[in-house]
Amino acid sequence: MSILPKNVSFSRQILPVLAVIGLVVAALYIFSSLPDRSTSEPEQQPPRATGDMANSARVAGAGLVEPSSEIIDIGSALSGLVTDLRVQPGDRVEKGQPLFLVDDRAARARLAEANAAISEARAAIVEAQAAQRTANQQLALYDNLDDPAAVSRAEVIRAEGDAAAAQSRLELSRARLAAAQAQAGSAQTELNRLTVRAPITGEILAVNIRPGEFVATQGGNSQPFIQMGETIPLHVRVDIDENEAVRVKLGADAIISPRGAAEIRANAKFVRAEPLVVPKRQLTNSAAERVDVRVLQIIYALPQGDAFRVGQQVDAFIPADGSPAEEG
Amino acid sequence: MSGMETSGKPMDTSAIGGCAPDAAICARGIVRDFESGQTTIRVLHGIDTDIKPGEMTYVVGESGSGKTTLISIMCGILWPTEGEVKVFGTDIYSLSDTELVNFRLNNIGFIFQQYNLIPSIDAAANAAVPLIAQGMDIHEAREKAKVLLEKLNIADQADKLPSQLSGGQQQRVAIARALVHEPRLVVCDEPTAALDANSGRRVMDLLREVAVAEDRACIIVTHDNRIFDLADRILVLEDGEVTHDGTEMPDDH
Amino acid sequence: MLWIAIRMLTGDAQKFYGLLFGIAFSTLLITQQLTIFVNLIERGASGVYNAPEAEIWVMDPVSRTTDVNYAMPSTALDEVRSVPGVEWAVPHLRAAASVRTSAGDLEGVAIIGVDDATLIGLPERLLEGDKSILSRPDSVIIDDGGVVNLFENGEEPIGQRLELNDQRAVIRGIADSIPSFTSQVTLYTKYSQALNFVPGTRNRLTFVLAGVSEGLSAEDVAARIEQQTGLKAETRQEFADAGVSFIVENTGIPTNFGITVVLGFVVGVAIVGLTFSLFIRDNIKQFGALKAIGVTNAKIVSMVGAQAALVGTVGYALGVIGTVVFIYAFSGNPFFKGFYIPWQIPLISLVSVIIILAMTGFIALRSVLNTEPAAVFR
Chain B
266 MSILPKNVSF SRQILPVLAV IGLVVAALYI FSSLPDRSTS EPEQQPPRAT
316 GDMANSARVA GAGLVEPSSE IIDIGSALSG LVTDLRVQPG DRVEKGQPLF
366 LVDDRAARAR LAEANAAISE ARAAIVEAQA AQRTANQQLA LYDNLDDPAA
416 VSRAEVIRAE GDAAAAQSRL ELSRARLAAA QAQAGSAQTE LNRLTVRAPI
466 TGEILAVNIR PGEFVATQGG NSQPFIQMGE TIPLHVRVDI DENEAVRVKL
516 GADAIISPRG AAEIRANAKF VRAEPLVVPK RQLTNSAAER VDVRVLQIIY
566 ALPQGDAFRV GQQVDAFIPA DGSPAEEG
Chain D
117 MSGMETSGKP MDTSAIGGCA PDAAICARGI VRDFESGQTT IRVLHGIDTD
167 IKPGEMTYVV GESGSGKTTL ISIMCGILWP TEGEVKVFGT DIYSLSDTEL
217 VNFRLNNIGF IFQQYNLIPS IDAAANAAVP LIAQGMDIHE AREKAKVLLE
267 KLNIADQADK LPSQLSGGQQ QRVAIARALV HEPRLVVCDE PTAALDANSG
317 RRVMDLLREV AVAEDRACII VTHDNRIFDL ADRILVLEDG EVTHDGTEMP
367 DDH
Chain X
1024 MLWIAIRMLT GDAQKFYGLL FGIAFSTLLI TQQLTIFVNL IERGASGVYN
1074 APEAEIWVMD PVSRTTDVNY AMPSTALDEV RSVPGVEWAV PHLRAAASVR
1124 TSAGDLEGVA IIGVDDATLI GLPERLLEGD KSILSRPDSV IIDDGGVVNL
1174 FENGEEPIGQ RLELNDQRAV IRGIADSIPS FTSQVTLYTK YSQALNFVPG
1224 TRNRLTFVLA GVSEGLSAED VAARIEQQTG LKAETRQEFA DAGVSFIVEN
1274 TGIPTNFGIT VVLGFVVGVA IVGLTFSLFI RDNIKQFGAL KAIGVTNAKI
1324 VSMVGAQAAL VGTVGYALGV IGTVVFIYAF SGNPFFKGFY IPWQIPLISL
1374 VSVIIILAMT GFIALRSVLN TEPAAVFR
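Chains as they are written, first to last, in our numbering: chain B, 266 to 593; chain D, 117 to 369; chain X, 1024 to 1401.
Extracted from the complex, chain B is given alone in its bound form (with noise of 0.2 Å):
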């Protein structure tokens, strides 16, 4: 072994060096390894309260989107077959027009029947009124004789009673055509009943029945045949759990997001609450709906926009009872 300068050794120097290379080394792969424990962003936007609401007190609510005019089930007055199906969903439909029709043979022949009916009546009006012409003459003629003995008082009679006979055929005749008459406007009714016709002015939002289908106005549970609500504007049914119920600022805006577009937030005018605290029926995700919450429903009114949908799920942010500075 030399100590001259340019003999290297192992173990003085390049050990050494080799070691601090190392430890360099080592505690730069120690530093890139470190894990991110940092949290990150949301990719998606979850609902948020903004705003005022921010950072103040409030109260959290799920609901659901529904017409101003809650959603109406049509239903039919007659069972039968559908033969004429008019709207699509999506229509906007005017009070009064027609929607479907149902099956109106029936009610049609009965219709033909009663007109028959009347017509009959009405002939046979017409041939009492001429029996009683008739017989009216021939008793005028009797009664202008000045000799009683130019006819038999039999004749006399017998005239007599002819004019009877035809006047009461006359009023016989009168009712058949009244009753007749009467058939017709019932066949008539029913006819218009087979006809079913938007309640109000809406929109149609499902349309269950197809042309050739039975409508049944028995059996209960089966779909409505169509549903429709007025959707301008539409409300949301906001449950809020009872025990967060006392806190809700009644009359207040509520901030509403569609589930999923989070980063929609439409300002909901309050309508009204429901007087009625209901056990809670539409529920978060749940596959068992649980009956011992209850909640307090309260309407707001949507602003127009193509953000919401009849039906669909929202989450809501309503302020809560007392002022939004007095947040701790």
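Calculated from the structure, these hints are not laboratory results. Ideal Cβ positions, reconstructed from N, Cα and C, are used throughout, including at glycine. There's no promise every hint is true.
[Said to hold, decoys possible] To give an idea of the chain X side of the interface with chain D (calculated C-beta under 10 Å), a few residues:
#, residue
1, 1027
2, 1034
3, 1313
4, 1318
5, 1321
6, 1322
7, 1397
[Claimed, not checked] With beta-carbon atoms standing in for the labels, derived distance ranges:
#, chain 1, residue 1, chain 2, residue 2, range
8, B, 296, X, 1352, 18 to 24 Å
9, X, 1126, B, 296, 42 to 48 Å
10, X, 1392, D, 269, 36 to 42 Å
11, B, 274, X, 1371, 30 to 36 Å
12, B, 544, X, 1366, 52 to 58 Å
13, X, 1393, B, 274, 30 to 36 Å
14, X, 1390, D, 198, 26 to 32 Å
15, X, 1393, D, 210, 21 to 27 Å
16, D, 209, B, 279, 45 to 51 Å
17, B, 309, X, 1249, 26 to 32 Å
18, D, 198, X, 1393, 21 to 27 Å
19, D, 212, X, 1393, 17 to 23 Å
Chains D and X: place on chain B using the hints.
The following block gives chains D and X in isolation, referenced to the frame of chain B:
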């Protein structure tokens, strides 16, 4: 003061009651006790002696005569129980520890019996140890040591480790180490004990050549009678007392 | 003199490398074992770290960790959303289920239901697939550790059908997640889907994950949630710590690793102490000679210090490098997935090395300092 009290001792060649101004070492009333269990053994019984520069002074004695103790005290590595030592006028035992260490470093060269070379550094570096300890740059110190090694005829061995050298060569490196910082006092402990007669004489010749100078004192502790004839002055110690002081060995040895 | 000291040290290769080995071995043992220990118990918090968005976890007051939980009524979500300072809150379901694989094996799995709309609660990265595939029916995302456990024969997991609570589930993605402590197979799916996969109980909402409004601290908002809702709210860090302490309290892991670390220290002290003492003893004559020649004790101390420093630096470096190489080499192994070396651990082992060297160096030095320089004349 102890020098005054012990001035009656025989063989005191120094000026009575004080040190000769030119004395390299002036020892007065040196007493040294060793604790050995419960008992105290007095190794030195009050020694007064002067060592003159320019001379090769032998300290001779049998094992246990106290010669090693005396020389240890005279060169500042063992505290005397009583007495005072002046080396070139400095009262070394009145110095602080650190001052004493530095005094040794600057003024005294040591040659140990077993050389005590550092096995992992080469001959030149070993010879340069006192210079390095003084704070000199390593390369400069080595160059200076090499000059001395050349004088000692082992310049060609300068880059070898002690283990690669023969006993005589190691001894020369040890001599070089003792002289490299040009001390005014050189202390040798049995320099020839491990050497054969020829090598021993050569080493002594060499020592005389390099270590003896006008302003330098050289003390050699030995009981090697083969080299007694090379002494300028011989002190004989027996049981802690100087029993002979002269240029020749007394006849009874 | 340090030049001489270093040469004295390296001149005796046997002892030099013995010392290096002792220090390196101690460092390796302490660093590596502490690293594995820390990473292992941090597995208790993996569920928290796998949901990177959540700043606050809200749970039933009896819930303890992500895996030891008790479900809340679903209205808890709205209650949390009602708390001021909560920027957002989403439902999060964690439950255990059994899965029947296509091979017919039964495997316990963890079902994690993330918010349907935002997918908050999914791990940040997917190895395969895209987060949007969860919107396809019956989709689940499996964690990468689960792939190894569930498909031991190396089958392609994507597209595999599983049976969960009589429901069909199709694996459509692989998540890059930190395995749980038990390395359980984890299936991520939408919250609404998870409800179908988990046998029905009335309450299923196990956690509500919440974000904090800007300018507020998570601790404050968590306290506010607790006060207003009566639920337990923990910040991400608190909940991660809870997971870790659960492992610490309920397993023997800390004791075992503690013993190993102490052993590493003791072995280090033994090897280094013995070798250092031997080294000094071998050189005691040289040190004595140096003392006689005129080297002060302070310089002797600095010489031994330099020797210790060299041995310490090189040995410590070798040990740390060894640990890094170990962790790096095993980073592909699923058991070691996500293992990292916390920067504090090399510092701990550095302190240990310094203590080892200080202890042994002090003992070795004592004999040198006690050496009478006069001894060289004997």
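Right, here's what the structure says about each hint:
no. : hint                        : verdict
1   : 1027                        : holds, 6 Å
2   : 1034                        : holds, 2 Å
3   : 1313                        : holds, 7 Å
4   : 1318                        : holds, 5 Å
5   : 1321                        : holds, 8 Å
6   : 1322                        : holds, 7 Å
7   : 1397                        : holds, 4 Å
8   : 296/B to 1352/X: 18 to 24 Å : holds, 19 Å
9   : 1126/X to 296/B: 42 to 48 Å : holds, 43 Å
10  : 1392/X to 269/D: 36 to 42 Å : holds, 38 Å
11  : 274/B to 1371/X: 30 to 36 Å : holds, 32 Å
12  : 544/B to 1366/X: 52 to 58 Å : holds, 56 Å
13  : 1393/X to 274/B: 30 to 36 Å : holds, 32 Å
14  : 1390/X to 198/D: 26 to 32 Å : holds, 30 Å
15  : 1393/X to 210/D: 21 to 27 Å : holds, 24 Å
16  : 209/D to 279/B: 45 to 51 Å  : holds, 48 Å
17  : 309/B to 1249/X: 26 to 32 Å : holds, 28 Å
18  : 198/D to 1393/X: 21 to 27 Å : holds, 24 Å
19  : 212/D to 1393/X: 17 to 23 Å : holds, 19 Å
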